[in-house]
Amino acid sequence: MVSAVRLRLLKLSMSMGLSVLNVKLLRDLWRLLGQALAIAAVVAAGVALLVATYGCLASLQLSKDAFYERYRFADVWASVKRAPNSLMEKLQNIPGIATVETRIVVDVTLDIAGMAEPARGRMISIPEGATPLLNGIELREGRLVELGRPSEVIVSESFVRAHGLTLGDSISANINGKKRTLDIVGIGLTPEYVYALAAGQIMPDDKRFGVMWMGREALAAAFDLDEAFNNVTATLLHGAVEADVLQRLDTILKPYGGVGAYGRKDQISDFFLTNELAQLASSGAIAPPIFLAVAAFLLNIVITRLVSTEREQIGLLKAFGYTDWDVGVQYMKLVATVVGLGLALGLWGGVVFGESMTDMYTQYFKFPLLAYSVNPTVFAVAALVSILAGVIGGLSAVRQAIGLSPAVAMAPPVPTTFKRTRFTHLLTRFRISQPTRMIFRHVTRWPARTAMTVAGISFSVALLIASMFFLDSVGKVIAVYFYQSERQTMTVTFVEPRGAGVEEEILRMPGVLATQPVRSVAAKLHHGPHTKRTGVNGLVMNADLNRLLGSDEKPLDPPIGGIALAEHIADELHVKVGDVITIEVLQERRPVVDVPVTQIVKQYLGFSTFMHIDEINRMMNEGPTVTGIHLLADANHVDELYTKLKNTPLVAGVALVEAALKSFQETLEGTMYVMIGFYVGFSSLIAFGVAYNSARIALSERARALASLRVLGFTREEVAYILLGELGVQTLLALPVGCLFGVGLAYAMSPMLKTDMYDFPMVINDATYGVSVLAVLVSSVVCALLVRRRVYGLDLVSVLKTRE
Amino acid sequence: MSLARPSPAAPHPETFRAVGLTKTYPGETPVHALRGVNLEMYEGELVVLLGPSGSGKSTLLNILGGLDQPTSGQFFFRGRNVTAMGPRELTLYRRDNVGFVFQFYNLIPSLTARENVALVTEIATNPMTPDEALTMVGLGHRLDHFPAQLSGGEQQRVAIARAIAKRPSVLLCDEPTGALDSKTGIVVLQAIVRANQELGTTTAVITHNAVMASMADRVMRFADGQIVSIERNAKKLRPEELTW
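So the protein sequences, as listed, match chains A and B.
Under our numbering, read the first sequence as residues 1 to 804, first letter to last.
Under our numbering, read the second sequence as residues 1001 to 1244, first letter to last.
What the hints contain is simulated information worked out from the structure, not anything from laboratory work.
Hints are not guaranteed to be accurate.
Claimed, not checked - In silico contact screen, one side only, chain A against chain B (beta carbon under 7 Å); selected entries:
#1 263
#2 264
#3 418
#4 442
#5 711
#6 712
#7 715
To be verified - Some, not all, of what chain A presents toward chain B, calculated at C-beta under 8 Å:
#8 178
#9 337
#10 341
#11 436
#12 437
#13 441
#14 445
#15 705
#16 708
#17 713
#18 714
#19 796
#20 797
All residues carry an ideal CB built from backbone N, CA and C; glycine is no exception.
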């Protein structure tokens, strides 16, 4: 069948008036089809990753910029306890501010039908019957809230969808201690919550956190904020210095309980979005070049080999009067065809992959419109770099073809010289069969080639390890963070700090087994020129629910007479144990105190700082005070507890550890697994491409010797053993090398595990090595089976007659 | 044990018997490589197959050696029907009974002379040692040289040592001197004749060099896919008596 196809192909090409050289090109391609496809696949993988990653990046960037601009995303924010509206004029006069808007922002608990536990709602005031000046709302459905209808709200789209709510439905909310029913009149999106994360959450959870916009008058009435506000947002003039504006804002708001102004880099949604874009860009800069480099490497070995087997033909062509240029072009065309095929496949694959990647992002980043758009620049860059890979890969081989003089080329090739080396001499000491001896001779005869193949295969092992160790790292974080550190069932936070007696009240609630007080204050830490905005958490001795862990993962007691910092924060502030830092508390009486750093602790998630709870209270000049309670609940009574909490005034929110773990895992499944799946597939492809090309070249070089062995009475299996034994030795050498290389690559990629939000540990489980090694073994075996078929098909008769 | 063979005039057991062998290569213009070949070869005799290129002699040798199957006709090795054998049996047939010598030696470049011979002795049932085989072809002093370190004649003699080391029943030589000058060619022929005489191996030598006919017991002339004549030499010449 194949030969019939081949015949037809050739007849077709002849009838199309192709030149003889082009017919030869087609024949060469047909002969090298398997290898050409393997290389094209690697090119395609690189191009696809590039097109998908940068296309997705461009789409995200475009959506972000358009959304931010159209809906006037603010540049700075500040919260206060309560400031009079009359302050507005002062705010407007701050040099550098373009537009300023005051509003009311409060957190409430929501009671959603069908969900036992309370959800958290962030209520934001908007002018009745109008859209806000800044941080506008894209109305997806419905209308704005109207004056005189205090129960009307616009709700964030993701929350509405997560609960299957629609316009006209209502939500029960605990607003300032009163049960209120809110009617959904609009569904919207805002640039302020593209990535909607509630305080204390580590991953977005659409079911448990929603944003709601309510009329300013209605919200002010509910929270006793008539003629007052508790939140300011502003845009800056072009060229304004953000730090100056923030400082002036702080100065103006300080007397009213200002909690410190901040810019976009501390705005949670923008922070995550910016971080994600940066990560996407860096992964786009790492992976595609790797694939294209491998493709160039494969092209190089295949074309070099082709040129050396065709030296007589090249000499003949030149003897007939073809120019060096004609011959060079001939081989470059071969390279171009392979790269062109890879490029075409890669562009197509990249669009498909890019679409699914963009889809994935729409689950976490809420944009009005986020669609993967085919980006001509990205396409052009992909084409350029793959052509570059082709040129790099093909150039030396083509130059070799050009450089061959006709006379030299026509002479029979010099037979390969084998010499006894110390290693091969060693072989003779053992009783090793001749076939095995052949395997070792070949492996050692071309050390550079062996090294290249070993490098290629070990590289794919390394890439597998480096893609999969992220899961080990996450596994470690889950084990430590969720099972060693955050051992409470939930954390209840209050609208305002409460007397410590509230812990007793909570302990008496149904199903509560144990409690632990939470005391945290917002603060700015200063050390020399370095400043960090963070929370300071108060801990009790012998805490059993929420524990501070040492580097050995054993629980630590809070420091006495000092502060413990997460390593990440210590690095940002450039402090070590023993240094003294200044704590500028941003709330209540705003004390400023100097404390020594007594401990630096390793934290994987949600970096924080810790003091003894009594010392915080002393610093704040307050009696025993709490801002929340960690509690352990009996699973059988948890629903009763939820009901009780939903109806408890002053509960601002309930954070469930199990829900956090679940959303953490779901997010990872949605994002990491997809990416890792692709990388694993691509890495196996590299292993296959390298192994297949190496074995095919070995076969073409030794077809004659192997066929001779068949003639001498060796079975097909025995002959296949000689050829594939070499691949086996190379693969076995590559596995440990690849594991070592993988550790190195994982270290090189470990900065990707570190952001301002998390600092994942560098952990590689034994299973990761195992799976990587197994995947490459399987890949090698598959290619061995393919090549074995060719060994079985060796033509015994023709080989006797001809020299190569 | 006497290694010298009695006169081939006496009837000997048959090694090969071929009946009506044809071989046609299909295609738009089918090529008839063999058009009904009948022949017998006897134990211990040395036969030279003589004919121009394309006359079908290599095709016949390939079929006798179990490398190829005829399109029709049958051929027997010591009474066993080789044409009925499958690929696996053919491999064993070659392994146990046939020694091949090729025009281009076909040595394994990565193995030394001794190891090239050992390649075959390792899978044979009653082989001589590689050293014995190489000594027999006069290369006892070049055991540890790689093919690239040997001359063409030496390489061909290693190939003969490799072919005879397993004490094959038949030795099939396809243009064994085709790539060599006459002086070197004669040394190679001496090695072949020695193996034929000392081991009693039925030997077939393909050549288009008519001079070599004089060293055979019988000469089969090929033309156009058929045997056109079979002659018995009354007096065999020794290789060193040949000139071309």
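Under the criterion of a CB-CB separation shorter than 8 Å, is residue 797 (chain A) in contact with chain B as hinted?
Interface hint status for residue 797 (chain A): holds (5 Å vs cutoff 8 Å).
Hint check, residue 714 (chain A) versus chain B [nearest Cβ-Cβ separation less than 8 Å]
Residue 714 (chain A) check passes; min Cβ-Cβ to chain B is 7 Å, inside 8 Å.
Against chain B, with CB atoms and a cut of 8 Å, does the hint on residue 796 (chain A) hold up?
Status holds, d = 5 Å.
A closest beta-carbon separation below 7 Å is what the hint needs, so does residue 264 (chain A) meet it against chain B?
Since chain B brings no Cβ nearer than about 67 Å to residue 264 (chain A), farther than 7 Å, the hint is violated.
Mind checking the CB of residue 437 (chain A) against every CB in chain B and telling me if the closest is under 8 Å?
Holds. Min distance 6 Å.
How about residue 441 (chain A): closest beta carbon in chain B under 8 Å, or not?
holds, 4 Å
Under 7 Å, Cβ to Cβ, is where residue 418 (chain A) needs to be relative to chain B, so tell me if that hint holds or is violated.
holds, 4 Å
Have a go at the residue 341 (chain A) hint: is there a Cβ in chain B nearer than 8 Å to its own Cβ?
Hint on residue 341 (chain A): violated, closest Cβ of chain B at ~32 Å, above 8 Å.
Should the interface hint for residue 436 (chain A) be scored as holding, given a Cβ-Cβ cut-off of 8 Å against chain B?
Hint on residue 436 (chain A): violated, closest Cβ of chain B at ~10 Å, above 8 Å.
Should the hint that residue 708 (chain A) touches chain B count as held when the rule is a Cβ pair under 8 Å?
holds, 4 Å
Minimum Cβ distance from residue 337 (chain A) to chain B below 8 Å?
violated, 30 Å
Please verify that hint: residue 442 (chain A), Cβ, nearest Cβ of chain B, below 7 Å or not.
holds, 6 Å
Checked against the numbered hints above, the structure violates hints 1, 2, 8, 9, 10, 11; every other hint is satisfied.
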